[in-house]
Structure formats: C-alpha cells, structure tokens
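Enquirer: Okay, here's what each chain looks like letter by letter:
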Amino acid sequence: MNKERYIASEQEEQQEETKKENVAEMIQQLGQTNVPQMTPDSNIHCLTIVGQIEGHIQLPPQNKTTKYEHVIPQIVAIEQNSNIEGLLVLLNTVGGDVEAGLAIAEMLASLSKPTVSVVLGGGHSIGVPIAVSCDYSFIVETATMTIHPIRLTGLVIGVPQTFEYLDKMQERVVRFVTKHSNISEEKFKELMFSKGNLTRDIGTNVVGLDAVKYGLIDEVGGVSQAMKKLRELIEVNKREEGKMLQ
Amino acid sequence: MILYTLMPQELIFQTTSAEYAKQQLVYYDGIPLLVRETEAKEYEIVRNLSTNPQHFLQSKYSPGMRILPTTITS
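Residue numbers (the working numbering), protein chains in the order written: chain A, 155 to 400; chain B, 2 to 75.
Do not rely on the hints blindly, as some may be mistaken.
[Unchecked claim] Each computed DSS-like pair below joins lysine-lysine, with the alpha-carbon atoms no more than 25 Å apart:
id	chain 1	residue 1	chain 2	residue 2
1	A	Lys221	B	Lys23
2	A	Lys267	A	Lys341
3	B	Lys42	A	Lys218
4	B	Lys23	A	Lys218
5	A	Lys218	B	Lys61
6	A	Lys382	A	Lys392
7	B	Lys61	A	Lys221
[To be verified] Partner residues are not named here, just some residues of chain B that face chain A (Cβ under 8 Å, in silico):
id	residue
8	Glu11
9	Thr16
10	Ala19
11	Tyr21
12	Lys23
13	Gln24
14	Glu40
15	Ala41
16	Leu50
17	Thr52
18	Asn53
19	Gln55
Calculated from the structure, these hints are not laboratory results. Predicted, not measured: the structure shown is a model, and the values here were computed from it. Even for Gly, the Cβ is constructed at its ideal location relative to N, Cα and C.
Kindly produce the complete structure, drawing on both the sequences and the hints.
Expert: Written out as structure tokens, the structure reads:
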C-alpha cells in the first residue's frame, strides 16, 4: 500500500518536472507560459442555479448568487457548441429577481438541446419557472418549492408600481409555469394564494411528492434518474435529426 | 434596533464599493472562475462557474486554489 503510494508520488514528481520543462518550452516557442489546456468536452453539461438569483441590483459579495450575466452566455455557448448534446440543470435556490429568473427560464425553454432539471433542497419562488422550463423535471423527495405571489418591494423598474403592474407581472409567471408544466392555472393560483401554510404570508410550500401530484414537476428522482432521462432524450433528439437529414 | 420593513437589507445597509471589488470573474484556461484577491496578490478561487462537469474533477480549478494573476488569459 505504502509502496504504491510512494510510486504514485514519484510519478507525480516526474510529471511536475516535465511540466516545468514544458513551461520553459512554451516561453521559448510562444512567448507566454500558459496555453489553455482544454479538457475533453463532456457531452452533457451541468448548470447549477444556487443561492439567490441576482438581477439588476448587484448583491454584496457575502451573498451566494447566480448572476444572469454569467448564466445567459453559458446557455448561448451550450446551444452553439456541437459537442454538447444535453444540459442538466441543478436547482437549489431561494428565488430572487423575477425578471432575471424569467430570463433564465425562457433561455432554457428555447434551447434546442434536451434539458432535464433536478430540484435539490429547494426551488423556491422564481426557481419554480426555471425548474419547469426544462424538457423534463425531477424533484428529490425532500426538496421543497415555495409558491407565493410576487412581492411588493418596489424594485422592479425603479418607480412605484401600480397594483395592475404587479398583477401583470405575476400573470407572466403564472402563464409561463402553466405553459411548461402539467399544473392547471386554477391549481397554481390556489397554491399561490392559500392561507395558513406560511407564517404571516400567503402561499404554499410544496414538498417533493406533492409537486409531482399537482403536475408541477414530472417525476420524483435524483441524479441517476435525471441522467438516464437526459440520455434517453438525447437519443430521441439524435434520431429526429437523422430523419430530417434523410 | 429593529427595522420593520419590506425593503431588502442590502438597500438599507449598503455595502461599500470596495467590497464589490474584492471578487471578480476571470478566465483561466478558458474556464470562468470567480476569484478573490489575497494579500499576496494572488487570486484565490471562490467558485468555478463552468458548466462542464469535467472541470470540477481537476483540483487546480477547485475553490481555495491559488492562481497567479499573470497566468490569466483573459
């Protein structure tokens, strides 16, 4: 055991040495030390939506955020790169900016490649449209999704909003969710405005199995089920492309 | 002091712009990384923002690793 480890460390040292030589070579040949060493492209990429979804206002660095200016170009790159065949979206978010969240959700919904989402821990608030935007959605048994009306913090476009404006904004979220999942508008609104579930607030905290029961999410499952489904969808996608070529 | 308000905390207690400057996004070997500058003028990786799962298997791109600002490509 120790001997093996010793050999491994010795090999590492040797590699280290060749690396140094490589650096010297690179300076001689290219005038710079590091040349991007691209790792082989994986055919399935993974997008993590964690923490708060940050919108027009930058949050202080101690907040864990998902910034739409990072995520949107990544989705464009995934659409463009022919080596990438599918996208897995992992969600553990408390929600955040409505417009930024909807932007990410629309980008995912309009992606031509198969997408599968998994809700882990929580997919609250504006995380709900993102979870349902994918071709197929999973939720782990312990994860929860909070469905609640749009909050009135007056931060939407910098001027005081009218009730109608907020109502319209909410309508956008409701329409997106009902269009991309099996939940009916009545049921979604019922969950959104139900009383007594959240402390001093209206809305519902939907747990794993219930989210599937209401038709919001397609299936209860974790990473293995999600990967299996994604590979299935990639196969279907490939077959359809083959048909189109013929 | 207790504040009873709907306003988000960051709007009331605004952070200084120096706080924001501590973290930045850099590309290292073509991988987007969120980094923090250390006292030794090195960059410490805070978060790997890549979507390629392979990039997470290499320890040199994992959070906590230091990279030299001179090796940043873009």
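Enquirer: Against this structure, judge whether each hint is valid.
Expert: Consistency of the hints with the structure:
Taking the CA atoms of A:Lys221 and B:Lys23, the gap is about 17 Å. The hint holds against a cut of 25 Å. At most 25 Å may separate the alpha-carbon atoms for a hinted pair to count; A:Lys267 and A:Lys341 exceed this at roughly 30 Å. Our distance criterion of 25 Å between C-alpha atoms is met by B:Lys42 and A:Lys218, whose separation comes to about 24 Å. The hinted pair formed by B:Lys23 and A:Lys218 meets the criterion: a straight-line CA distance of about 14 Å does not exceed 25 Å.
About 22 Å separates the Cα atoms of A:Lys218 and B:Lys61, which keeps this hinted pair within 25 Å; it holds. Pair hint A:Lys382 plus A:Lys392 holds up; C-alpha atoms about 15 Å apart against a cutoff of 25 Å. A distance of roughly 24 Å separates the Cα atoms of B:Lys61 and A:Lys221; the hinted pair therefore holds under the 25 Å criterion. A cut of 8 Å between beta carbons decides the hint on B:Glu11: the least distance to chain A is about 6 Å, and the hint holds.
At about 4 Å, the closest approach between the beta carbon of B:Thr16 and any beta carbon in chain A falls short of 8 Å, and the interface hint on this residue holds. Annotation: interface hint on B:Ala19 violated; nearest CB of chain A at approximately 10 Å, more than 8 Å. Nearest Cβ of chain A to the Cβ of B:Tyr21: about 6 Å, under the 8 Å cut. The hint holds. At a threshold of 8 Å, the smallest CB-CB gap from B:Lys23 to chain A is about 6 Å, leaving the interface hint in force.
About 5 Å separates the beta-carbon of B:Gln24 from the nearest beta-carbon of chain A, less than 8 Å, and the hint is met. The restraint placing B:Glu40 at the interface with chain A is violated, with a minimum CB-CB distance near 17 Å, outside the 8 Å limit. For B:Ala41, the suggested interface contact is broken, since its CB lies about 19 Å from the closest CB of chain A, more than 8 Å. At a threshold of 8 Å, the smallest CB-CB gap from B:Leu50 to chain A is about 6 Å, leaving the interface hint in force.
Hint status for B:Thr52: holds, given a least beta-carbon distance of 4 Å to chain A, under 8 Å. Of the supplied interface hints, the one on B:Asn53 holds, with its beta-carbon coming within about 5 Å of a beta-carbon of chain A, less than 8 Å. Look at B:Gln55: its Cβ gets to within about 5 Å of chain A, closer than 8 Å, so that hint holds up.
Against the hints set out earlier in the document, violations occur for numbers 2, 10, 14, 15.
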